[in-house]
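S.K.: Top to bottom, those sequences are chains A and B. Taking my numbering, the leading residue of the first sequence gets 1, the next gets one more, and so forth. Taking my numbering, the leading residue of the second sequence gets 1, the next gets one more, and so forth.
Note that these hints are calculated values from the structure, not bench results. Owing to the predicted nature of the structure, the values given are computational and were not obtained by experimental measurement. There may be inaccurate statements among the hints.
Quick list of simulated restraints, FRET-style, between CB atoms [stated by the list, open to error]:
1) A:T432 / B:N198: 14 to 24 Å
2) A:R236 / B:D77: 15 to 25 Å
3) B:G216 / A:E208: 48 to 58 Å
4) A:D445 / B:Q175: 27 to 37 Å
5) A:Q183 / B:R255: 46 to 56 Å
With a straight-line cut-off of 25 Å between C-alpha atoms, the simulated SDA-like cross-links for lysine to any residue are [stated by the list, open to error]:
6) A:K232 / B:D157
7) B:K103 / A:A268
8) A:K3 / A:R13
Note that CB positions come from ideal geometry on N, CA and C, so glycine has one too.
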Amino acid sequence: MDKPLAGFIRALRSAGANVSTAEAIDAARTLALIGYDDRAALKTSFATVLAKSTDDREIHDRMFDLYFAPAASPELTGKEEAASEDEGERQDADQASGEGDSFTELAGSGDESRIAMAIQAAANQVGAEDIRFSSQSSWFTRRILEKLGVEAMEKRLIRHLQANTPEDEAIAQQLMDARSAMQTRARAVVDQNFEVFGAAATETFMNETVADKNLSALDQRDLERMRAIVAKMARRLAERHARKRKKHKRGQLSLSRTLRANAGHDGAPFNLVWRHRKKDRPKIVAVCDVSGSVSRYVRFLLMFLYALDQETADLESYAFSARLEDIGPAFEGRAFEEAMNAIISRLGSGSTDYGQALVDLRELAWDGIDRRTTVLILGDGRSNEADPRLDIFRELAARCRRIVWLCPEPKGLWGSGDSCMLEYQPHCARVTVCTNARDLEREIDDLLSVAS
Amino acid sequence: MTKPDPAQMLASIDAVTEALAATGYISTREISTAIFLAHHLRKPVLVEGPAGVGKTDLALSLARALDQPVHRMQCYDGLDEAKALYEWRYGKQLLYSQILKEKIGDVIGDADTLDESLARLGGFRDVFFSRDFLEPRPILRALEEENGSVLLIDEVDKSDEEFEALLLEVLSEYQVTIPEIGPIEAVTAPIVILTSNNTRELGDALKRRCLHLHIGFPEADRERRIVRARVPDINETLLTQLVTFIQTIRDENIRKRPSISETVDWARALILMHAESLDEQLVRDTLNVILKRQSDIDEVDPSIARLAREAREQGGS
Chain A
1 MDKPLAGFIR ALRSAGANVS TAEAIDAART LALIGYDDRA ALKTSFATVL AKSTDDREIH
61 DRMFDLYFAP AASPELTGKE EAASEDEGER QDADQASGEG DSFTELAGSG DESRIAMAIQ
121 AAANQVGAED IRFSSQSSWF TRRILEKLGV EAMEKRLIRH LQANTPEDEA IAQQLMDARS
181 AMQTRARAVV DQNFEVFGAA ATETFMNETV ADKNLSALDQ RDLERMRAIV AKMARRLAER
241 HARKRKKHKR GQLSLSRTLR ANAGHDGAPF NLVWRHRKKD RPKIVAVCDV SGSVSRYVRF
301 LLMFLYALDQ ETADLESYAF SARLEDIGPA FEGRAFEEAM NAIISRLGSG STDYGQALVD
361 LRELAWDGID RRTTVLILGD GRSNEADPRL DIFRELAARC RRIVWLCPEP KGLWGSGDSC
421 MLEYQPHCAR VTVCTNARDL EREIDDLLSV AS
Chain B
1 MTKPDPAQML ASIDAVTEAL AATGYISTRE ISTAIFLAHH LRKPVLVEGP AGVGKTDLAL
61 SLARALDQPV HRMQCYDGLD EAKALYEWRY GKQLLYSQIL KEKIGDVIGD ADTLDESLAR
121 LGGFRDVFFS RDFLEPRPIL RALEEENGSV LLIDEVDKSD EEFEALLLEV LSEYQVTIPE
181 IGPIEAVTAP IVILTSNNTR ELGDALKRRC LHLHIGFPEA DRERRIVRAR VPDINETLLT
241 QLVTFIQTIR DENIRKRPSI SETVDWARAL ILMHAESLDE QLVRDTLNVI LKRQSDIDEV
301 DPSIARLARE AREQGGS
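All chains should be modelled from the sequences, with the hints used to inform the complete structure.
M.R.: Next comes the structure, spelled out in structure tokens:
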């Protein structure tokens, strides 16, 4: 594969687009077909071959424009390398002669394309493609200048500055001007590399950091990012599991299997074989603690329930602290912030009472809970010394398919103080510590797959 | 009329555009590129976009342009290989086993022992599961077409995951494997076009095997050309006004934005009503042709006068 294309594919991958090897091969075949001459045709063709969704398409178009930008077009790579070799030889020659230096000579040459190519070649040599953070750009700029021989030039510069005569002063000034002009241009190339290879990677990196961050440590700045991540996770989960939910098959006669089953009866259909692909719809009743003790998690837990609620129909959500309420209606037709504030102001005050919540749940939701229902409880199990009503909890466990408890507190704290986790635990099919977004996604994924 | 040469029509991106234009399909650079690449890279095209922008029509027009048959596979939940790939002719298979029973004496003949009869039966050609009893369904039919064809797999998002998996072999290898017979390869690889309305996310495996083409709502200029091609008797004034109106209404806050098919329907309706140019009353009377939801009609209703006036001013009357 030729070098500019390989670089372009790396750029796409670093920006978060999935480009498989097969697609890269297709791109190479496309390139052979279309060629570099018609830039517009190449852009649409690459988009058709490499971008597999509208999102990917956006990334692709942005990257194509950045990567194949006229300013430092990697299309020139071939010529560049030749140029950089020349440059190297010239440098050696200059150093041998002892007077002047390749850097000043290059800067003073006034040959725009030669300068551009030399900078690009130097950028390739110092690996400017590996730039990941904008704070690295000064370092890369300096490295490019060094490759171009700025050090030799600086030695001269210092000599002239030390000489302290008007002529030397003028030459020094000239050298400094040349250096800053070159610096600006090198910087531009580095910045372009950052846009192509670094910016998107940083974004992905930040998203990953937030997803792994402990929920109690999330601050205001992370919340927006979190919202986007959570919405994405919920969509992913819903997509993955929506298909399963639709698998209600009417009984259809399976003709081929019937024939085979009846081969022994001369093909007379004694035993009919039906097509059956009936799968249970995973039904989830989510109960979320929104009291003060878990206040730092609440926003997030609600965020997740909200996102999931938008995506799947088979979710009933309840929230409680002192009393329990159905929060489905609060989610209906509202933006998240609004829905959350409504819920917290209605339910958030007051001390937690898991016992009372269970009583309320029995009253409100008991009819909807049957052998197919998974009950999902999000909370720390701290009931403020109130009766945990284990009798109702046992009844609930017997009634539903299973109870899954996601607890934000580490295991060591269960049972300490007013925590009833240890009492509740034996009745749950699964109790997990869930402290970050990734944990939560994994748990819900499991939940939906097993439930279906 | 001489038969068009497919290779020539697919020789360059511009040639594709021209070939499509000859059938009345106004292409864009992107659409033509996708078709061009589909032919040369031998890959299926997955076309996405809102309803009514001409996704299905692309396949039909392409088949017309190439003068090749089109094999259409309409997808729905529960579609399986028996309807998409092939089916056994059960009736004939049953008859065959009846015949076999009658003729079994001739086959086995004078065999004395059971072992010998079995050996003779084993040497007998097994036709029960053979090509003779195979009923090809659209996909297999497209593969068996000798002079090439267009295979349209319509609304693939409506099918279920199993069907998607079933398609993978066809899409990457252009062949169908029948367990009893073995793989059947395409005689001439058809141009495969899949359409999707994005009611659900398609699997990565499927997407990876396809080229991706998104057809959105058309630009004003392209929309004018489409309407002109479809409704030739429309006068220029009305055409310009109508397209301007549709283009503006797409930016309004409505749930179901009118598509090209709606624009064309509207143009036809206006011609029937002998309209020369758009006015408020006319728009109000025919709004249900382009807006299919009562809530959208209510939403737009207060601004009809303004929109019609703007369309008249911009379109020139």
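S.K.: Confirm or reject each hint.
M.R.: Here is how each hint holds up against the structure:
1. A:T432 / B:N198: 14 to 24 Å: violated, 34 Å
2. A:R236 / B:D77: 15 to 25 Å: At 22 Å between Cβs, range holds.
3. B:G216 / A:E208: 48 to 58 Å: Cβ of B:G216 to Cβ of A:E208: about 32 Å, so the range 48 to 58 Å is violated.
4. A:D445 / B:Q175: 27 to 37 Å: holds, 35 Å
5. A:Q183 / B:R255: 46 to 56 Å: holds, 55 Å
6. A:K232 / B:D157: Holds: A:K232 and B:D157 sit about 20 Å apart, inside 25 Å.
7. B:K103 / A:A268: With a Cα-Cα distance of about 19 Å, the restraint between B:K103 and A:A268 holds, given a limit of 25 Å.
8. A:K3 / A:R13: The given pair, whose Cα atoms are some 15 Å apart, holds under the 25 Å limit.
Taken one by one, the earlier hints fail for this structure at numbers 1, 3, listed in ascending order.
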